[in-house]
Structures are given as structure tokens and as C-alpha cells.
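Participant: Given next are the chains, with one letter for each unit.
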Amino acid sequence: MRIGRFFRRRAEDTELEQEIEAHIAQETDDNVARGMAREEARRAALIKFGSTGNVREDVWEWNTFAFLDDTVRDLRVAMRTLSKSPAFTAIAVLVMALGIGGNTALFTVVRSVLLKPLPFKDPERLAMLYEQSADGKHPYNVVAGGIFQQWQKQSRSFEQMALLGGTGYNLSGANGVLPEKVEGGKCTWNLFATLGVGPSYGRMFTAEDDSPNANPTVILTWSLWRRRFGGDAAIIGKEILLDGENYAVIGVLPPWFSYPDPETQVWTPMRHETRPAVMESLNNHQFRVVARLRESQTLVQGLTDADTIEKRIRSEHPGLAQTIGRGANIRPLLDEFVGEYKTPLYVLLAATGCFLLIACLNVANLLVARSAARRREFAIRSALGGSRWRLLREQVVESVALSSVGGTLGTAFAWFSVRWLVRMRHDIPRVEAIHIDVPVLLFAAGIALLSGIAAGLVPVLGASGTRILQTLQESSRSYSGVPSRATLRKVLLAGEVGFTVVLLIAAGLLLKSYERLRSSDLGCGTENILTLRVDLPKPKYLEQQRAVFFQQIIAGVRRLPGVQKAGMVSVLPGHGYWSDDSFTIPEHPPLPPGQVLLAIKRFAEPGYFAAMQIPLLRGRTLNEREKLDQATSVVISDLFAKRFFSDEDPIGKHLRVNLTDHEISYEIVGVVGDTRFLISRPVEPVMYFPLYSGMFGRATIVVRSPRDPNGLALPVQKLVAQMDPDLPVSDVLTMEELIGGSTINASFTASVVLAFAVLSMLLAAVGLYGVLSYLATQRKNEIGVRVALGADRGDIMRLMLIDGLRPAGVGLVAGLGVGALAASLIRSMLYGVPPLDSGVFLGVTLLLTLVAGAACLFPAWHASQMDPMEALRQE
Amino acid sequence: MGRNENLRKQEMVQGTLDMLILRTLLGGPAHGHTIASAIERTSDDVLQVEQGSLYPALHRLEDRGWLASYWGASENNRKAKFYKLTAAGRKRLTAERNRWGQMVEAIGRVMREAAE
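Chains as they are written, first to last, in my numbering: chain A, 367 to 1241; chain B, 2 to 117.
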């Protein structure tokens, strides 16, 4: 059958009419020819032809797909019914739009971030290799160069593997362009081959580039090349200045390449940038390893292979047992990218899914209410021979129409929220790949259709078509309510309340842990503090020049108006672990062989502790004279003192540390308060060496001001430019921004889940209110009789309240149970809050009881205030 | 209906109308009225074409691609819809004719057997 005919059937009918008319005219002519009078002839022709209507109907039906025809009619009926109750329609559409939109947005993100394969060749064979730290605390620890070399040499499971590490360069300005700090990656020459990436211009590294004595080479990312070098292919072969050294540009990466993150803008060869000793070291853990499995090999085989090698190395070097990793570890490359975002994103998807379910239940509930009101109409239609299937389809078509409009609105909503999310959350890996595409649109259409069908079917489930007579009789002898309908609505409500409770619990737990996270004490001041980072490049700044620069710049900053206190440190609290070092205490008995003491290492300028409000607990802080060779003092943190000196006085004791190439003994001069290296991690011992030793070329200037410190950024930057116009300033952040950046994931998840939980609660409340009002109307007569017979109005109110609160109670209990389960699933996202936090569970119970009570109170009160005469006279 | 009045009207054998239409159109394009009268005339008025089934049948045959139609002028200069056989229609006619022949033979055999 041709579809086209269905739409042309009206035209065809007209044509057929003409054809029949022509036939009759012909027959009339024939009859006239046979000698009949014209009028008689036409009558005879018409009789002979029979019913023209029948013929036309036959052809019309032949041209029709019954299903399509009926659906179109149902749709028309649905539109008419829906437009008759605009408030109901608007609410239902809005609820559906929110549910479908939220799900579509989250699905878009999950698909782009978690489900889409990485843009590399055969990405499923790419994996990251790790060491398990010797103390077992870090199962996915970074890798030492020596271990990597052994893996590369001895393993059989991998096609190839590459070593990479983070670095940064000062890209010098030329032709009036400002110098800038660029994040870089250093990698063994085969990294790009391992990933399966070729250059857009020029070439990739070769083994010759990847050696200490090679000519310096660099590969640019597409974005840096476009931004900084105007996208000129002639850059290949030219030299650029990185940290004051000439590097030949040999290649440009493709536009889509943003690995391991979008910030990494230049790549240099690993062995050229790294001291050979580090490359050979078995216990200097600082690199990442990406490996490509052989075609036939699995992750587990790869792991076993690397693990065996590492364990063998460890047993061959008993002296290093405390520092060589205890084994290897592996995970897919994608997991490395998105690991910490996996759970939060799935939690958000689950939350929006939960909300969509609630939305469906709500719409179903509204439809039940409406179909209850139209019960007599349905009964009459059944009695007249309307098939049950027909009535059912009408309902489903109606709710699908609702969900389709909702879905369309929802997709628009999803589009905006995805755009907003991409703008807000630069921290999400692969965020640049997030966009709404055809599969996402199909997903949206799919869930819209599914929700529509589900919401439309539920009301029908409770309707029994067999009791037509009973229903018809209801009108003459009104009787109390329609039990099956009310039961169905109560069940739906209990479901709604249950899901709401689950959402509320999740939101409560996440919010509480975010609160804990934000209020957890970093150990230093966070208000009105501005931080700016400077990196002093090597050939130009050696130890002497660094010390001079640091002293001069901080003196200059302190003279700026509006600066209350200023100081400098290598790494700020809350900014990460960065580095540690091993040390010995000469005053203590020597350690058993193979055992080492480790602590976080920082370089501080004397004024740092005061500027950051880190309290001095004992002794003194560093001073200005402790410079270069005279820099032999060290300040330790409280936990350091407690852990390594327990009840002794650490002041005057010494730490022997090898910070550069020889061991120096540092005298402990003071103990300061503890700080956290990350806000979400426990305190670790810290040792502060003098920044003026000049051993470290990176420093963050901290400036404290009595008011908003942002205005100080420009004067400080100008000061730096006066001292060295080639020196860029980076990471200009207030302390609050710095902490905010590390908690954005937690705050985002918590607020989105909370938003959906609140919406769900609103829907549940509206549902409760609606059901109870409906019940009250249904029972009007009964209540009227009760009141007339002397029932107490308080009793009536209690009766109605219990009726409404019972489904809420059932939902609450079920929701608490499921919520406990859900809480244990999100355990990894909680900070300082147990999954079964009694406060959260109690709070949710209380809140929901209050809201449910409030929603039920009005209809119940209304019922109790009914005038019995009016109620009884109604029929 | 004139002179056929006392003849018993022959009901069209089930499913043969299509074949008869196709056969009639073998002689050239014709409109509905001509087709009906041609069938009746050729069968010496034994076969009566029900007008009520003629037009749905024409419509069906056209839809299956066995007939094509166009509007033209009839012999007494009236506007009429003409039908003509398509190549597919010709093929179909052959198939129908064979089927019909087999059936007549089969029925004949059964009837002869029964007569003996």
C-alpha cells in the first residue's frame, strides 16, 4: 500500500465522484438511445449503479490505514481535551519538560565524557600503568623512571609504552608579545606513536631527539600554534625561546588533541628535559606511563606482567624496599581521564532519572484524577460498544501528546543547561567534546515516548471495564468514592514520596559533606589573600639570582599601598602535594636499613607564616640572613614534631636532607601550625626550608590586604614586569578561589541533586494535596451524613488527615530503606559524613512529614468545615 | 435491464472480475462504463458487472500498477476516466488466464468423474 494515497484520499474521492457521475451520464445516454425519456433514463441508470456512497466508502477505506487514521483522530481528541484544561496541561508539560530535559542534559554529558571512546587509535587497548606505593597507601602511584625502563625492556604484553610528565615553561615574548607561562608535557619520543597520533604539520619526536645531548626540540599543540604563532606553517624548523633556551619547533599536533588536559600546550622530549639520574632512579616516583596492550592481551595479563617485573626489582634491591613500589597497577586510559567524575556524573544521572520517574507518576496521578472524572463518559461509551482498547489508546495518546510537547521543551532546556555546564565546569575532562547530537536527540525522543506511554497506561491499569452498569448507576445514587481509583492514586503517591525521600537523602548527604569540605580548616588564613605565581627560568636565574630576585620582589610588594602583609612560598596549602623528600635525624639512632622518613617539602620566605596566618607554636621562623650557603635552618609543622620527635623538644635538633646533590644538615628553629596540602585530605607533616637558599625557582607570592585583595594583582604584576619584562605571572587567584576550584565538583553535584530533590518534594506535595482534595469531594456525602448524625469536626479532620498521610508514611519508610542503599553507593563522594548519617535521615524524615502534613491539612480542614445540609442536598 | 429480465442473473465467480477487466482492456483503453458493457456484451449478458464492485476493483488494480488511468473524452464527448493496461498488467493477465484454465480443467475433471 502506498503511503501517499493516505494523504491524497480526499482528492481521490472527488475524482471518484466525477468518474461515477460520468458513468451514470453515459448509462443515461445509452438508455435514452434505447428510447427512454431522459428523466426515466437517468433514474434507471442510478438504479442500475446502486449506492454511489457504498462505492466511495469502499475506495475510501481501501485508501486508509485504520491505525494511522484512528491515531490522528485520537490526537485530535487529545488536543481538544487538553486545551479544555490549560492549567492541568501546562503543569503536566512543565513537569515532563523538566524531567526529560534534566535527563537529556545529563545523558549528553555522560555520553560525551564517560561513554565515547577516546579519539585515539584503538583506544580500548590503551592503559595507564602505575606503581603501588611501598606503604600501600597509594594504589595508583606515579612511576619512577627506572621502573619504567625495566617494564619497557622486560614486559611481553605491551606493544609499546611511553613515559610522560608535567612541566612548565616561560615562553618568551617577541615582537611586543607578552611573555607567558605555558603548561607543557615532557614525554619519551614514542608517546604519540603509542597513542596513535600523527602531526598536522612537521613531524613527531624521534629517538634521536629524546636524549640529553640532542638539539632542543618542541612540538606545539594546535591551539597554542594558532593563538601565539598565527597558525603559520612556516614555524616548523624555526626556534622559539622556552625558559630562555632555543627550541626548534618540529611539529604541530592535530586540533582535537588535548591530552592529558587542555592546559598542556607544548611537548618536549623526556630525556632531554630530565636528568639521567632521575630517569634511572627506581624510587623517584614522578612520571605517568601510558601503554598500548598487544592485540591479544588483556588488562589483567598486562598487569600481571608489569607486577612480576616490579616485584622482582624490589627483591633485587632490599635496601630500597621502603621506597620501591610494592607492585604494579593498571587501569584503562579513559578511567584515568574521568575517574573522579564517574560517580558524580552517574549520581546526577540517577537523580534526574529519579525525578523523571516522579514526574511520570505525577502526570499519571493527574490523569487518574481526570479519568475518574470522566468515568461516566467512558462507561457510556463502553455501553455503546466502544472497545476497551479504543478507550485505552485515547488515554495513552493523550499522555504521549503531553510528553512529546514536554520532551520538545525539555530538549531546549537540555541544550541551555549543557551550554551552561560547559561554560561553568572547565574542570571536567573532555568538556570540549560535550554537545547534543543525533543519538542524544533520539534518547530524548525515546524517553519522552516511554514516559508518555507509562504515564498513560498506569491510570488504565486501575480501571476495570466490566462494571459499566455500576458506574452508570453511580450518578443516580451517589456513593462514597471510587475505591479502586483512590487506591491506585495512593500507591502512585507512595511511590512519589519514596523517590523524593531518596533524592532528599542523597542531596542532604552531599550537601553536608560539601559543607564539611568547605569548613574543614586549611590551617591558614583564607580571607582577603591574593596569590600570584612566578617561575624563574634556569639559565638566567641560578641560585644567586633567584635569592636576589625573591628578596627584591617581596620588599617591593610590601611597599605597595594596601598591602598588609606579604610573603612567598613554593607551594600553597590546598594546592596539592607536589613533592616530598626523605631525611634523617642525626640526633636519633640510625634507622634500620631500608627504612626512610618522608615529609612534604616546602620552601618559604621568612614573612610567609605571618602573611598566611600560620601560627608559630615554638621557636622562631626563618630570617632574612638565612640565604644561599647560610640557609641552614628549617621550620617544621606541628604534626612533624609530634610524629618524629614525640615528646622531645625538636628545637635545636637537625634534619639531614639531600635537596640538590649533596646532603646538608638543617637546624630546626621553629614549629608552626599544621596546614593541609588538599582540603579534602588529612594533614601530613611538612618541613619548610628557606626560599632564599635559591634551590627552588618557583614561588607563589601571597598578599594579605584589609579589604578585597583583587585590586593588588595589577600593581604586583607591574612590579614583576619592572624587574624582568620576560617573566610571566600566572595563577592569579584569591585563596577562596583556589579552594573553590578544588571543591567545585562537590558543590556542583550537591546543588544539582538538591535542586531536583526540592522539585520532587514540591511535586509530591502537590500530588498529596490533589489526592486528598479529590477524596474529600468524593466523600462529601458520607461526611455530610456523619456530621448530620453528630460527628465531631475534629474527628472528620483526623479521618481525612490519616487518609492522606498513610501513603506518605508508606513512601517515607520505603524511601528511607532505598535511601540507605543509595547512600552506601555514593560513599566515595562523601567527606566527613557517614553514609547513614542520622542527622540527614532524621532531617529528611522531619521535613517530609512537615511538608506532607501541610499539603494534607488544607483539604482535611476544608472537609471538616463542610455544611452537612449543602452536602446532602447536592444530589 | 430490458430483455434480460427473465434470465437468471449470473453472479460473478469469486475473484474473476479483475481478470475480466484486464482481458477487456487488452483491446485498448476504455472507461468504466465501456468496460462493464463490454463484459456484459461479450458474455451475452450472462455476466452482470456490479457497478458497486467495478470501481473499487479498478481502483485496486490501478494501485497495484496493473492499470494506468487518464482523463479523456468519451465517444459522446463526455469527460471520462480512461483505463489502460500496463506491462505489469499484461503479465498479470497471462498469469490469471493460466490459473483460470487450470481451475476450469480441474473442476471439469471433478464434474466428469461425478457424472460417471
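No lab work stands behind these hints: they were computed from the structure.
Just so it is clear, CB atoms sit at the ideal spot from N, CA and C, and this is done for glycine as well.
One thing to keep in mind: the hints can contain errors.
As a list, the in silico DSSO-like pairs of lysine-lysine whose alpha-carbon atoms are at most 30 angstroms apart [stated by the list, open to error]:
no., chain 1, residue 1, chain 2, residue 2
1, A, Lys-604, A, Lys-414
2, B, Lys-85, A, Lys-414
3, A, Lys-414, B, Lys-80
If you only want the chain A side, here are some residues facing chain B, beta carbon under 7 angstroms, derived [said to hold, decoys possible]:
no., residue
4, Glu-385
5, Gln-392
6, Asp-395
7, Asp-424
8, Val-425
9, Leu-481
10, Gln-918
Participant: Give a verdict on every hint.
Facilitator: Outcome of the hint check:
1. For the given pair, Lys-604 of chain A sits about 98 angstroms from Lys-414 of chain A by alpha-carbon distance, which is inconsistent with the 30 angstroms threshold.
2. For the given pair, Lys-85 of chain B sits about 25 angstroms from Lys-414 of chain A by alpha-carbon distance, which is consistent with the 30 angstroms threshold.
3. As the CA atoms of Lys-414 of chain A and Lys-80 of chain B are separated by approximately 21 angstroms, the hinted pair is consistent with the 30 angstroms bound.
4. The criterion of a C-beta within 7 angstroms of any C-beta in chain B is met by Glu-385 of chain A, whose closest approach is roughly 5 angstroms, and the hint holds.
5. With 7 angstroms as the threshold, the beta carbon of Gln-392 of chain A comes within range of chain B, its nearest partner Cβ sitting at about 4 angstroms, so the hint holds.
6. About 6 angstroms separates the beta-carbon of Asp-395 of chain A from the nearest beta-carbon of chain B, less than 7 angstroms, and the hint is met.
7. For Asp-424 of chain A, the interface hint holds, the least distance from its beta-carbon to any beta-carbon of chain B being 4 angstroms, beneath 7 angstroms.
8. Annotation: interface hint on Val-425 of chain A holds; nearest CB of chain B at approximately 5 angstroms, less than 7 angstroms.
9. The closest approach between the C-beta of Leu-481 of chain A and any C-beta of chain B is roughly 47 angstroms, which is over the 7 angstroms cut-off, so the hint fails.
10. The restraint placing Gln-918 of chain A at the interface with chain B is violated, with a minimum CB-CB distance near 94 angstroms, outside the 7 angstroms limit.
When held up to the earlier numbered hints, the structure conflicts with 1, 9, 10 and fits the remainder.
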